[in-house]
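Generate the whole structure from the sequences, applying the supplied hints.
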Amino acid sequence: MNAPKFWITRLGSIAIVVLFLFLLQTKIAPALGFLDNRLIQLGMLYATLAVSLNLINGITGQFSIGHAAFYQIGAYSSAFVTIHYYNTGTIEGWVWVLLMIIVGAVAAGIAGFVVGLPSLRLRGDYLAVATLGFGEIVRIIIQNQEKLGGSYGLTVRAANSPEAIKLTQIWMIAGLAILVIAICRNLLKTAHGLPFLAVREDELAASAMGVNTTRTKVTAFILGAAFAGMAGALFSHYEGFITLKQFDMNQSFLIVAMVVIGGAGSITGAAMAGFFLYLLPESLRDLPDVSGFAVFGFVLAAVVALTVAIQIRKRLSLTQAGGTQTAFAGMGLIGVLGAGYLAYWIWSVEVPAMTQVSLTIMCAGLAIAMIFTKRRIPNLAGFGWVVLCAGLVAALTIPMIHLLQSVSFTHAILADISYKAGNLRYPLFAAMLVIVMLTRPQGMLGHHEFSWDWLKRIFGLPHKRTEIAA
Amino acid sequence: MIARQHRVALAIGVVGVFLLLSLLFGWFPIMWEWIRSRNWGLLDQQIINGIQLGSIYALIALGYTMVYGVLRLINFAHGEVYMVGAFVAYYVAEVWFEKNSISPWLLLLMMIVGSMVVCSALGVTIERLAYRPLRSAPRISILITAIGVSLFLQQSLLLVFRTAPPPSISETVNPFRTIKVDLPVFGELIFSGGQLAMFGVSVVLMIMLWYVVSFTKIGRAMRAVSHDFNTAALMGIDVNRVVTVTFIIGSALAGAAAMMNATALGTPLKTDYGLLPGVKAFVAAVLGGIGNIPGAVLGGFLMGVAELLVVWIGQDLYKDAVAFVILILVLMFKPTGLLGTTAVEKA
Chain F
0 MNAPKFWITR LGSIAIVVLF LFLLQTKIAP ALGFLDNRLI QLGMLYATLA
50 VSLNLINGIT GQFSIGHAAF YQIGAYSSAF VTIHYYNTGT IEGWVWVLLM
100 IIVGAVAAGI AGFVVGLPSL RLRGDYLAVA TLGFGEIVRI IIQNQEKLGG
150 SYGLTVRAAN SPEAIKLTQI WMIAGLAILV IAICRNLLKT AHGLPFLAVR
200 EDELAASAMG VNTTRTKVTA FILGAAFAGM AGALFSHYEG FITLKQFDMN
250 QSFLIVAMVV IGGAGSITGA AMAGFFLYLL PESLRDLPDV SGFAVFGFVL
300 AAVVALTVAI QIRKRLSLTQ AGGTQTAFAG MGLIGVLGAG YLAYWIWSVE
350 VPAMTQVSLT IMCAGLAIAM IFTKRRIPNL AGFGWVVLCA GLVAALTIPM
400 IHLLQSVSFT HAILADISYK AGNLRYPLFA AMLVIVMLTR PQGMLGHHEF
450 SWDWLKRIFG LPHKRTEIAA
Chain A
0 MIARQHRVAL AIGVVGVFLL LSLLFGWFPI MWEWIRSRNW GLLDQQIING
50 IQLGSIYALI ALGYTMVYGV LRLINFAHGE VYMVGAFVAY YVAEVWFEKN
100 SISPWLLLLM MIVGSMVVCS ALGVTIERLA YRPLRSAPRI SILITAIGVS
150 LFLQQSLLLV FRTAPPPSIS ETVNPFRTIK VDLPVFGELI FSGGQLAMFG
200 VSVVLMIMLW YVVSFTKIGR AMRAVSHDFN TAALMGIDVN RVVTVTFIIG
250 SALAGAAAMM NATALGTPLK TDYGLLPGVK AFVAAVLGGI GNIPGAVLGG
300 FLMGVAELLV VWIGQDLYKD AVAFVILILV LMFKPTGLLG TTAVEKA
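Residue numbers (numbering that gives the first Met the number 0), protein chains in the order written: chain F, 0 to 469; chain A, 0 to 346.
These aren't lab readings, by the way, just hints derived from the structure by calculation. The beta carbon of each residue, even a glycine, is placed where N, CA and C say it ideally should be. Check the hints yourself; a few may be wrong.
Here are some, though not all, of the chain A residues that point toward chain F, as calculated from beta-carbon distances under 7 Å [stated by the list, open to error]:
# : residue
1 : Asn38
2 : Ser140
3 : Ile143
4 : Thr144
5 : Ile146
6 : Val148
7 : Phe151
8 : Leu156
9 : Phe323
Here it is in structure tokens:
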């Protein structure tokens, strides 16, 4: 690309980002309610955290599971500086927060350097455990420092007033998320990023090719930690009050889960997973309480549905291995016709709408799965299986709930139980993590990134074929 | 002109002498004062307590180390198996103790057997559902799955078990009395009867494990699989059966440890009850050399003693941090552990 065009596109995109941030701050955010604002801001912070961990875990391949420690160091160090040196009225609030971002980044970056050092000797699961240990040490040390509030938590306030201050504005959080994503993306697009990928793919080969693996790994840790520290500084000045609970081991696991589910190595995946995996479970909070029958009926239905789907798939693929092309075609045709007839029959008889919809979804999934398994298009066939499973679960849930209610033993146990929907977040998260690992170990997006060509390809428009590094 | 290496040696010598002198005259009196001001009378008591605590860590660490030896997998869900064991013991005690008609010894026996059986079933289920499908996958995905299983058990059992307020096994279940011994050299030592029993049962279980691993057919199969998974499979060993038995034994040991610890100490049970003991036992396994069964026992006892030494020094706020410090030091300076021979993964 020639130089003028490069600068025009670059300045143009910066202008678009600034315009977006301006609109977000002045038009979009005031139009949303307090809760929506909060969810979106925290979602963007999680996206930042996931992208920063992705730099360490996904791009450089150093499996770290103590990321909340860097977040915590950023939050506490910036809060500490604010409490001791910030006087209201002397300096503009937003300028101070930008300074605090730098403080958080430096503090967390130093910690990242310290953690990066063991990564020179340790690999794989041992590095993971060491980073976990580091995270816990940080938490315990902060817990025992009275100046940092200990287990009571720390109120972020100015030196000259006792009240909590909340200086962070939405444009800073959005700006940081965009900045971190842009830095990671540009890093991978240029030659500076290749050593990171090389270390991930094969450390020995990379060092033989002249990559300074030590420097690469430590740089990845410092960068990732500094980004998390920036997010931490914004977080502490957003909340106005920070406690240890907000940075515990579960938080680290949550961030790891986001990176892994999104697809370790994919910036797009990490950012989207960070944002949506925070938002979706949080939106459960508004739902009414769920009865024990519903929860266990759903679990039972899911188990039965998965078993059935796996059995069908196994039979189908076994036949595929041994049979002939005509047999598949016949089976696919019969499957589609049968599914269509079943769907027609469901809609013609008097059953609850829920059953009709779910059975239709199930039939559609079965048809898609059969067609594309037969035609050996694995992605679409996989999509069909997911749809089939979802339909099966939906179809089975209500009968299972009835079953649990009618059996006196289970009725006695479950009758008094109800759960707050918000409490189901972490189990859902963990179940999702395990299921993703079992079915698609590379995560949702794998190593793929968002690109316009990718979108065009999906919609069948003319596109450039891009080679994707595996 | 002095040669370069001589100049370096000279510089090191000068700095060294200076440091030594400052150590002698500056730090030595402070250290001496510190040493003198410790409560030496409590040291032997703390070491005894540490060994008793260490027996629990050793039992849990055996589960980690056996699974690692066979599958090369860090079973992060092991701490949660331990937690479930404690809850099972609690429920057994609650259901049967209120009827008040059985002898306390029978109740204790039922609690420990119940914990061991349920934990074995749970361990085997986890292996079957979560680890077996991934056996040929990259090790990092199995690790993530293990973390996921651990998180899932911790969070979903929070919904199933009664946790508000956190229940604890009633002290009345524990029929053991505290014993005080007055010894000529060591002074008065206090042995909690429950903890002594805990130590005794742990040692018996370890001896049983040693017998099983050393002298039975399945033990030989386990050693073979641990030595070389693929070759063992080629030699006609039913690898899946060996893995299942490993999980049964490891989880049963964790269940026994959980029941004994929860009964002897009466700690309130929450679903993160297994988190710290699990991590500490893992550190113990690494310290002794992961994959090495005597190493896990040694590491467990050392961890228990180290933890209570930190308490003895007066830094009891940091007693949970010492495990992680030991972990990082071992991983950095002697990754094979004290007794281990196989090097930590290099590729």
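Hint check:
Given hint, A:Asn38 at the interface with chain F, is violated; its Cβ is 21 Å from that chain's nearest Cβ, farther than 7 Å. Restraint check, A:Ser140 versus chain F: the minimum CB separation of about 4 Å is within 7 Å; hint holds. The criterion of a C-beta within 7 Å of any C-beta in chain F is met by A:Ile143, whose closest approach is roughly 5 Å, and the hint holds. Interface hint at A:Thr144: satisfied, since its Cβ lies 4 Å from the closest Cβ of chain F, which is below the 7 Å cut-off.
Look at A:Ile146: its Cβ gets to within about 6 Å of chain F, closer than 7 Å, so that hint holds up. A least Cβ separation of about 6 Å between A:Val148 and chain F falls short of the 7 Å threshold, and the interface hint therefore holds. With a least beta-carbon distance of about 3 Å to chain F, the hint placing A:Phe151 at the interface is held under the 7 Å criterion. The restraint placing A:Leu156 at the interface with chain F is violated, with a minimum CB-CB distance near 9 Å, outside the 7 Å limit.
Annotation: A:Phe323 was flagged as interfacial toward chain F, and the flag holds, the nearest CB pair being 3 Å apart, inside 7 Å.
Hint violations for this structure: numbers 1, 8, all remaining hints satisfied.
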